[in-house]
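**Q** Line order of the protein sequences matches chains B and L. What the first sequence shows, in our numbering, is residues 47 to 156, in sequence order. What the second sequence shows, in our numbering, is residues 4 to 115, in sequence order.
Hints are not guaranteed to be accurate.
[Unchecked claim] Calculated lysine-lysine pairs in the DSBU-like style (CA-CA distance at most 35 Å, straight line): (1) B:K114 x L:K60; (2) B:K103 x L:K74; (3) L:K20 x L:K72; (4) L:K74 x L:K60; (5) B:K122 x B:K103; (6) L:K72 x L:K21; (7) L:K60 x B:K103; (8) L:K60 x L:K21.
In short, the hints are calculated from the structure, not lab data.
The chain contents come next:
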Amino acid sequence: GQNIDQPTEMTATEGAIVQINCTYQTSGFNGLFWYQQHAGEAPTFLSYNVLDGLEEKGRFSSFLSRSKGYSYLLLKELQMKDSASYLCAGGSSNDYKLSFGAGTTVTVRA
Amino acid sequence: EAQVTQNPRYLITVTGKKLTVTCSQNMNHEYMSWYRQDPGLGLRQIYYSMNVEVTDKGDVPEGYKVSRKEKRNFPLILESPSPNQTSLYFCASSPGGYHGYTFGSGTRLTVV
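Sequences and hints are given; from them, build the entire structure.
**A** Right, here's the structure in full:
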């Protein structure tokens, strides 16, 4: 595995912004994925970064710094339905092989 | 509908009784993978496959076998299940690279 680290829990208010950080070991790393997983459901793919910089997809953005072994997922204009676990995953072997962090549970409060 | 289908959804079995969890995808994806998910440990990759007859070990392959005889199917075999294999299992497929994996609905396995 790649020792992916991310915070266990975060809480934010509806309409606010939350940033979920993820750090990883850079050895053997290729690309960085973010997934969303609602309780009792399968993970769903959110974003992929292979180059340094910010990728924006609607209310969700993901950032990567390869030299620092650091990524974050930014969730804007939070909605109640965004309450879920967010999983950071590092890809190796051309991204066939993924190592996941334990996930960050985000709770959105009214 | 494009999907990854795994069966069964729930399974309770006894120690040592061989079982197979099936996985099938209808998206013609090259890559398939099996994960297990445990509280506090996140998703851990068991095996992955890059194409028919090409498989490789993930981070936790001990006690599991896989085969990829056809592109669409990637069954997970537990020859002699033990209680420490009680977990939530996900099968996933991907066309490769930046597309990410599409996950099946999961199989909750309990070994007593």
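**Q** Evaluate each hint against the coordinates.
**A** Here is what the structure says about each hint:
| no. | hint | in the structure |
| --- | --- | --- |
| 1 | B:K114 x L:K60 | holds, 28 Å |
| 2 | B:K103 x L:K74 | holds, 31 Å |
| 3 | L:K20 x L:K72 | holds, 24 Å |
| 4 | L:K74 x L:K60 | holds, 18 Å |
| 5 | B:K122 x B:K103 | holds, 11 Å |
| 6 | L:K72 x L:K21 | holds, 20 Å |
| 7 | L:K60 x B:K103 | holds, 33 Å |
| 8 | L:K60 x L:K21 | holds, 20 Å |
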